[in-house]
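Just so you know, the protein sequences line up as chains A and B, in that order. Here the working numbering is used: the first residue of the first sequence is -2, the next is one more, and so on. Here the working numbering is used: the first residue of the second sequence is 1158, the next is one more, and so on.
Keep in mind that a hint or two might mislead.
Computed list of lysine-lysine pairs in DSBU-like fashion (alpha-carbon distance at most 30 Å, straight line) [what the hints assert, rightly or not]: (1) A:Lys6 / B:Lys1285; (2) A:Lys101 / A:Lys114; (3) A:Lys117 / A:Lys104; (4) A:Lys44 / A:Lys190; (5) B:Lys1211 / A:Lys415; (6) B:Lys1262 / A:Lys242; (7) A:Lys197 / A:Lys140; (8) B:Lys1243 / B:Lys1287; (9) A:Lys235 / A:Lys110; (10) B:Lys1381 / B:Lys1396; (11) A:Lys140 / A:Lys52; (12) A:Lys114 / A:Lys140; (13) A:Lys412 / B:Lys1308; (14) A:Lys235 / B:Lys1308; (15) A:Lys235 / B:Lys1262; (16) A:Lys413 / B:Lys1398; (17) A:Lys226 / B:Lys1211; (18) B:Lys1264 / A:Lys6; (19) B:Lys1211 / B:Lys1243; (20) B:Lys1396 / B:Lys1421; (21) A:Lys48 / A:Lys110; (22) A:Lys6 / B:Lys1268; (23) A:Lys235 / B:Lys1268; (24) B:Lys1398 / B:Lys1412; (25) B:Lys1412 / A:Lys226; (26) A:Lys415 / B:Lys1262; (27) A:Lys6 / A:Lys235; (28) B:Lys1175 / A:Lys235; (29) A:Lys242 / A:Lys1; (30) B:Lys1287 / A:Lys235; (31) B:Lys1268 / A:Lys1; (32) B:Lys1285 / B:Lys1264; (33) A:Lys1 / B:Lys1264; (34) A:Lys147 / A:Lys174; (35) B:Lys1270 / A:Lys235; (36) A:Lys190 / A:Lys180; (37) A:Lys242 / A:Lys331; (38) B:Lys1288 / A:Lys1; (39) A:Lys1 / B:Lys1308; (40) A:Lys6 / A:Lys412.
Derived by calculation from the structure, the hints in this document are not laboratory data.
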Amino acid sequence: MNIKKYEIKKILSSPIVIVLMAIFIAFNCLIISENSYCGKELKVLNKIVDKVGYKIDDEMLSNFSELYNEKLNKVNEISSKKYNKTYKSIGEFLDENQFDMENKNGKLSKEEKQFIKEAKVIESYYILIDKFQSAYEKIDIRKLAEYSIKSYNLSGKAAETARKQYGKFEHRFNELKNNGEYKNLFFIGETYKMHSFLFKDIFTKIIYEIMIIMVLATAYIINYEFDNKTHLIAYSSKRGRHLIKDKLFAAIAVSLIVTTIIMGITLGVYFIVFDYSSLLNVPISSCFNWEYGEPYMSWWNMSFINYLFFIIVIVYLCELIFTMIAFVISKSVKNSYVVFFIFAIILGIGIMLPSYMPSSSRLIFASTFTPFTLIFNPSLRFMESGPLTTFKYYEVITIGAWSAALVVLSTICIKKFKTQNID
Amino acid sequence: MLLVNNLSKYYGKFCALKDINLEFDNGIYGLIAPNGAGKTTLIKMLTTLIFPTKGEILYNGTNIVDMDDEYRDILGYLPQDFGYYKNYTPTQFLMYLSALKGIDKNKAEKKIKELLELVAIDDVADKKMKKFSGGMIQRVGIAQALLNDPKILILDEPTAGLDPKERMRFKNIISELSRDRIIIISTHIVSDIEFIANEIVMIKDHRILYKDSTSNICKSIEDKVYETEIQFNDSHDFKKKYISLSERQEGENMKIRFICENKKEIKSTWAKVNPNLEDVFLYEYNDNLKEK
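Just chain A, same shape as in the assembly:
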């Protein structure tokens, strides 16, 4: 077995890594299962898409209308049979017969209730198409920019830069409007909030969990020989101080392994519980993907699956960056828990930094180009994400600059270690 494999084995057989991984995976599964109540409703959209497609155009609208009327007629059939009454909409039916829908001993059978519930979901999508499309048409990026600048209290050069960035985003928004990218069906954002659930709640947890494990694991492997008092024989062996490179390699490899296991299992469970099978190619900037003040509007035309892929790539790269930060700290600090503590302080400073910057200076933007701000809300990555981070290449610049800096720092640490006295 080569040295790198030995080092990887040391980390992966460490009780703290195994226990934390098990706890975090169980925790993620619990969070997903707690939100699984809407899973059945989400499946309905897949059924709609299977029948009428997701791209909203005249043909789709006509097919959708047909589908909806078919469901409405069927509901009215049931209604006239059971209540001697018909309705203009399924919503109207439900308003009047809510008690029966929820009562086990009511007039409606279980199958009929299920059908009506599904039909209601279909109706919601059908009705909301117009609402969202017209709301989207009314979005004014300049107003949004001014509102954001005001809410962040930006002034002077900072406000100027933010306006400039929003100006650039306006081009993209116009493109998005003109090419009809937003005219696509997706889970109703304001009802289910699936985008923020997946990309904010789940991914943020995944990122922090892996970060915790990797900071501890990196400190553990870098100081392993010192902790076991084997440093004198290890660093006087033929491999000598080059061993530190194997340890860094092992930490990076374990970072990839741990990320794959935690993210793989969590996302696997997520997509088993929530059916996205027919929606993978829906653009992420769909007008249905609108949860709060403004819809999610991406800088690039990305489908859901593309977006998911790039967020996964960001997670991998950020975890590598955190591993390398932990490596650099571990080269000066011998205790794993002290390394973790120092890392936590750096993380805290990184997150708080923009709030301490003068809101009239461009420095405030520089302070957001850190992996700590980058991971703060993954659901806004590659999107219009507020005045401080709405830069087209924010993610690329942040990850690129930090990776380059950490490669340089790690190289310096390795070179310094080569000439360092080992007592």
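Place chain B on chain A using the hints.
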């Protein structure tokens, strides 16, 4: 040949070793010095764990720091505080160290089996080391130092924790190995190296005091070592005057081995004895031997 050339090591203003010049050819060298004299500092420089402030160490004419892994490839080292992985078996641990020493897996498996037999722990080769006694761990340490069949073998307190039988086995192993390699043994137990070392290196006040054969070093206190019997009541005053080397009870009296430097004080009842290495050690590092 290993050549230590004008070597000095400073930690800030503190001088750990000063102007050390040594030459090692194949054979056994005993490194003797009290704690804090710079013995471990010298060993750590010989193993490239720390670097000299001044001077250099050459192996066959090349600086060992420049030789890098080429030098460490021919080095076997047992540190004084030998660490190990508690949850590994000796075989697993030695396999890992073989990888660090760049030994091929198949070759390592064979070598580990041989070495564990040599140090007589082959019966526990696959047992976790956390349950091992100090002596067993020390034998794992000796085995690891021999893994790469080193040309330079440096052993720091190798007999610590070994029982008399194991010590004897260790001496035999070392004598056997010394034919074609440099073996440097640092120890407090003078008797362990007195009869097997070709040369003894003594360090005092961070400088080399002696580098010579045992017999030549012993000559330095020739005619100064005596034995006599004294009464217990007189021992306090006696030890104030002379450096006591050893004492033992003989009936009502005490038999004392001591150093007398002034020939005029020699008494007819005293028996002159041949000095041994331990006598020299005690004489040279006698700071607290004279009673006040």
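Evaluated hints:
1. A:Lys6 / B:Lys1285: The hint holds at about 17 Å.
2. A:Lys101 / A:Lys114: 15 Å, holds
3. A:Lys117 / A:Lys104: 18 Å, holds
4. A:Lys44 / A:Lys190: Holds, at roughly 19 Å.
5. B:Lys1211 / A:Lys415: 18 Å, holds
6. B:Lys1262 / A:Lys242: 21 Å, holds
7. A:Lys197 / A:Lys140: Holds, because 26 Å separates the two Cα atoms, which is no more than 30 Å.
8. B:Lys1243 / B:Lys1287: Answer holds: B:Lys1243 to B:Lys1287 is near 4 Å, not above 30 Å.
9. A:Lys235 / A:Lys110: Distance ~74 Å between A:Lys235 and A:Lys110 Cα, so the pair is violated.
10. B:Lys1381 / B:Lys1396: 15 Å, holds
11. A:Lys140 / A:Lys52: 28 Å, holds
12. A:Lys114 / A:Lys140: 39 Å, violated
13. A:Lys412 / B:Lys1308: 28 Å, holds
14. A:Lys235 / B:Lys1308: Holds - the C-alpha atoms of B:Lys1308 and A:Lys235 are around 13 Å apart, at most 30 Å.
15. A:Lys235 / B:Lys1262: 15 Å, holds
16. A:Lys413 / B:Lys1398: 54 Å, violated
17. A:Lys226 / B:Lys1211: With a Cα-Cα distance of about 28 Å, the restraint between A:Lys226 and B:Lys1211 holds, given a limit of 30 Å.
18. B:Lys1264 / A:Lys6: With a Cα-Cα distance of about 22 Å, the restraint between B:Lys1264 and A:Lys6 holds, given a limit of 30 Å.
19. B:Lys1211 / B:Lys1243: 38 Å, violated
20. B:Lys1396 / B:Lys1421: Distance of about 17 Å is within 30 Å: holds.
21. A:Lys48 / A:Lys110: 22 Å, holds
22. A:Lys6 / B:Lys1268: 23 Å, holds
23. A:Lys235 / B:Lys1268: Holds, at roughly 17 Å.
24. B:Lys1398 / B:Lys1412: 16 Å, holds
25. B:Lys1412 / A:Lys226: 44 Å, violated
26. A:Lys415 / B:Lys1262: 27 Å, holds
27. A:Lys6 / A:Lys235: Answer holds: A:Lys6 to A:Lys235 is near 21 Å, not above 30 Å.
28. B:Lys1175 / A:Lys235: 28 Å, holds
29. A:Lys242 / A:Lys1: It holds: about 9 Å lies between the C-alpha atoms, which stays within 30 Å.
30. B:Lys1287 / A:Lys235: 26 Å, holds
31. B:Lys1268 / A:Lys1: It holds: about 22 Å lies between the C-alpha atoms, which stays within 30 Å.
32. B:Lys1285 / B:Lys1264: Judged against 30 Å, a Cα distance of about 23 Å means the pair holds.
33. A:Lys1 / B:Lys1264: Holds, at roughly 19 Å.
34. A:Lys147 / A:Lys174: 26 Å, holds
35. B:Lys1270 / A:Lys235: Since the Cα atoms of B:Lys1270 and A:Lys235 sit roughly 21 Å apart, the hinted pair holds (cutoff 30 Å).
36. A:Lys190 / A:Lys180: 18 Å, holds
37. A:Lys242 / A:Lys331: Distance ~17 Å between A:Lys242 and A:Lys331 Cα, so the pair holds.
38. B:Lys1288 / A:Lys1: Holds - the C-alpha atoms of A:Lys1 and B:Lys1288 are around 28 Å apart, at most 30 Å.
39. A:Lys1 / B:Lys1308: At roughly 27 Å apart (the allowed maximum being 30 Å), B:Lys1308 and A:Lys1 satisfy the hint.
40. A:Lys6 / A:Lys412: 25 Å, holds
The structure fails to meet hints 9, 12, 16, 19, 25 from the earlier list, while all remaining hints are met.
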